[in-house]
Amino acid sequence: DTAVSQTPKYLVTQMGNDKSIKCEQNLGHDTMYWYKQDSKKFLKIMFSYNNKELIINETVPNRFSPKSPDKAHLNLHINSLELGDSAVYFCASSQVGTPLHFGNGTRLTVT
Amino acid sequence: QKEVEQNSGPLSVPEGAIASLNCTYSDRVSQSFFWYRQYSGKSPELIMSIYSNGDKEDGRFTAQLNKASQYVSLLIRDSQPSDSATYLCAVWFPGANNLFFGTGTRLTVIP
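Quick mapping for you: the protein sequence lines, in order, are chains A and B. Following our numbering, the numbering of the first sequence begins with 1 at its first residue and continues without gaps. Following our numbering, the numbering of the second sequence begins with 112 at its first residue and continues without gaps.
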C-alpha cells in the first residue's frame, strides 16, 4: 500500500491556467506538507498543515493555496500558472519532529 | 534565518572508498536531524535520523552530530555504485515547526 500518494504524476499546462495536485496519506500522520523542488534540486518548504495550524512559507505567492478536506488529504491549488512554477512538487507527511514520508512527486510543466 | 548548508558537489569517490558528506545548520535549538537519499527522478527517501550528539551507525552508514558546532555529517563506508545519488541533509527547526533541507550533495561512486 502506498503511504503517501499524489496525483497526477505529470502535469503539463499553459500559462494562466488553474490546476490542482492531490495528496493523500494513509499513515495516520497529523501533519502534511508541500515542497517544491526546482531544477537545481533544492527542496523548499511551501506549506505545512495539521488540523490546528497552517504554516505558510512567506515566500510562496498567494496564487498557491493548500486545501485540506480532512486529516488524510492536503491538496495544492495553483491559480494563474506562470513559467516559473515549473518544478517537481512533493507532498509529505509526518508526526511533528519525526522524519517525513514523501509522495512520488508531481512534475509540473508550464508552457 | 533558517539555513541548512551543504557542499553541492559533485563528490566523486572510487568504489570501496569512504564518502563523507557534511552539513551545517543555523538554529542552535534544533534537535532532529535527517539524511535523505534521492535518486534522479525519484522522491527523497530517509536513510538516517539522529537526535543526540555523537555517532549513529546503520550498516554502511554512519551519521555524526555535533550540536555545539551545529554540524552533522554522513559517512558511507565501502561505497558502491548504487550509492550514487543526491544526499539531502534536513533539520527540524522548532521555531518554524518545519523541516528544512540543504541544497544536497551529489555523490558519484566510480566503479
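It is worth saying that the hints were derived from the structure and are not from the lab. Watch out, some of these pointers could steer you wrong.
Listed next, the in silico DSBU-like pairs over lysine-lysine satisfying Cα-Cα at most 30 Å (straight line) [stated by the list, open to error]:
1. K113/B <-> K153/B
2. K178/B <-> K113/B
3. K40/A <-> K178/B
4. K22/A <-> K178/B
5. K71/A <-> K153/B
6. K22/A <-> K167/B
7. K44/A <-> K71/A
8. K167/B <-> K113/B
9. K71/A <-> K9/A
10. K153/B <-> K44/A
Computed footprint of chain A on chain B; a stretch qualifies when at least three of its residues, placed anywhere within it, have a C-beta under 8 Å from a C-beta of chain A [what the hints assert, rightly or not]:
11. 145-154
12. 195-203
13. 208-216
Yeah, the Cβ is synthetic: ideal placement off N, Cα and C, and Gly gets one too.
Do the hints match the structure? See the list:
1. K113/B <-> K153/B: 26 Å, holds
2. K178/B <-> K113/B: Status holds; Cα separation ~16 Å.
3. K40/A <-> K178/B: With Cα atoms ~28 Å apart, K40/A and K178/B stay inside 30 Å; holds.
4. K22/A <-> K178/B: Distance of about 38 Å is beyond 30 Å: violated.
5. K71/A <-> K153/B: Status holds; Cα separation ~25 Å.
6. K22/A <-> K167/B: Roughly 36 Å between the alpha carbons, so the hint for K22/A and K167/B is violated.
7. K44/A <-> K71/A: 22 Å, holds
8. K167/B <-> K113/B: 25 Å, holds
9. K71/A <-> K9/A: 22 Å, holds
10. K153/B <-> K44/A: Roughly 16 Å separates the two Cα atoms, so the pair holds.
11. 145-154: holds (count 4)
12. 195-203: Our answer is that it holds, as 4 residues pass the Cβ test (under 8 Å) against chain A, meeting three.
13. 208-216: Since 7 is at least three, the answer is holds.
Violated hints for the displayed structure, listed by number in ascending order: 4 and 6.
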